[in-house]
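Input sequences plus hints: build the corresponding full structure.
Protein chains: 2
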Amino acid sequence: MQSTFRLKDLAIMEQRYRAHFVNSLSGFKSANLIGTVDAQGNENLSIVSSCVHLGADPALIGFVSRPNTVERHTIENIKATGEYTLNHVHAGMINAAHQSSARYARHTSEFTETGLTPLYGEGIAPFVAQSKIRLYMSLRECLTIELNSTEFIIGEIQQVTLPSSIIAEDGKLLIENAQSVAVSGLDEYHTTQTTGRLAYAKPNQGIP
Amino acid sequence: MQSTFRLKDLAIMEQRYRAHFVNSLSGFKSANLIGTVDAQGNENLSIVSSCVHLGADPALIGFVSRPNTVERHTIENIKATGEYTLNHVHAGMINAAHQSSARYARHTSEFTETGLTPLYGEGIAPFVAQSKIRLYMSLRECLTIELNSTEFIIGEIQQVTLPSSIIAEDGKLLIENAQSVAVSGLDEYHTTQTTGRLAYAKPNQGIP
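Top line first, the protein sequences correspond to chains S and X.
Sequential numbering from 19 applies to the first sequence in our numbering.
Sequential numbering from 19 applies to the second sequence in our numbering.
Bear in mind the hints are in silico, worked out from the structure with no lab data behind them.
Source: prediction; values computed, not measured.
If you want the footprint, here are the derived chain S segments under chain X, 3+ residues with CB under 8 Å:
{"no.": "1", "stretch": "44 to 50"}
{"no.": "2", "stretch": "63 to 75"}
{"no.": "3", "stretch": "111 to 120"}
{"no.": "4", "stretch": "129 to 140"}
{"no.": "5", "stretch": "145 to 159"}
{"no.": "6", "stretch": "185 to 194"}
Here are the simulated SDA-like pairs of lysine to any residue, each with C-alpha atoms no more than 25 Å apart in a straight line:
{"no.": "7", "chain 1": "X", "residue 1": "26", "chain 2": "S", "residue 2": "142"}
{"no.": "8", "chain 1": "S", "residue 1": "220", "chain 2": "X", "residue 2": "61"}
{"no.": "9", "chain 1": "X", "residue 1": "220", "chain 2": "S", "residue 2": "56"}
{"no.": "10", "chain 1": "S", "residue 1": "97", "chain 2": "X", "residue 2": "162"}
{"no.": "11", "chain 1": "X", "residue 1": "97", "chain 2": "X", "residue 2": "177"}
{"no.": "12", "chain 1": "S", "residue 1": "97", "chain 2": "S", "residue 2": "140"}
{"no.": "13", "chain 1": "S", "residue 1": "220", "chain 2": "X", "residue 2": "125"}
{"no.": "14", "chain 1": "X", "residue 1": "97", "chain 2": "X", "residue 2": "162"}
{"no.": "15", "chain 1": "S", "residue 1": "97", "chain 2": "S", "residue 2": "165"}
{"no.": "16", "chain 1": "X", "residue 1": "220", "chain 2": "X", "residue 2": "75"}
{"no.": "17", "chain 1": "X", "residue 1": "26", "chain 2": "S", "residue 2": "141"}
{"no.": "18", "chain 1": "S", "residue 1": "220", "chain 2": "X", "residue 2": "94"}
Glycine included, each C-beta is placed from N, C-alpha and C at the ideal position.
And the structure:
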């Protein structure tokens, strides 16, 4: 049986019910941990499910930051230092990654609280040692979305570390083989099972 | 074995290799078909993997549109009419959905070419009858990302149709039970296996 909801039905939903409902509607989401430090070097770690590919050249990824959420320390740090890391969440680290979404005090390190390990490379922002796919990012732009006072934070990929074995011959990364997970809504995590890669689509191939 | 790639390594990648490589780095993506009509009522259908949740109240979803890609007719139609549909791709319709990414001529309907069925409700834009989760959207804002001349298209959810059985008691939608799929990179589709929902994270719960 199907249900249809219109604006007036959404309007009367209890706030938390509506958050769960609407958060699931865009489809599956990525799961990344953002590692930052503030100007004094205090570490922060935050899970985000809104990372989205913006372009390959330059290599840009955006994510959405809500006002007054747990990511606020992350955003302040990114604006202060211009640098951050993105670290894929894999199936073996879901509980620790989710715990980073708790509202810790400003100078509490989510690394310490979650048992995840900071890993420093050439830059000032810490990676998550447990992650298999790790990106170092430079802030490029913050766009304000006036409609709901969110920010769309755009960064350029500076460095990528990943298992050599997941790189296909044509450059595709088999992220499922690195056990990267998908998220739906606010709190459900999913492993994946590939249905395979499809050929570049061309017109006049007949109905699939 | 791990591999590390820096800016100079990305810079020398062949264009198509780099597209595959970078497109996989943000993590898993949503899979939605966008249904539109132009001012004369000609239908268009396009798959997008960049839909991202922006907020629950108002209920906003954004997606990214590259210049001169197959989505250009979609964007022109959205700007002309202000309305579009988002339709989750499920496991039984992956091939047809992917085929909609071919570069068809302007007045060719991707519905006809892919075998997917237009379904009209109260609005002018067609849903995809085969989809189990269908949203009717009103255009709210187009943000230009100057860094790479992409557009971030923001719409507000006007109507939602979905199987009643996937609505959890607290409003969470069990989209896996509707066989919604995830995408990685440009051409790989994935079904999912839930690892379960996690409780709202609070500080001082101990290391997970």
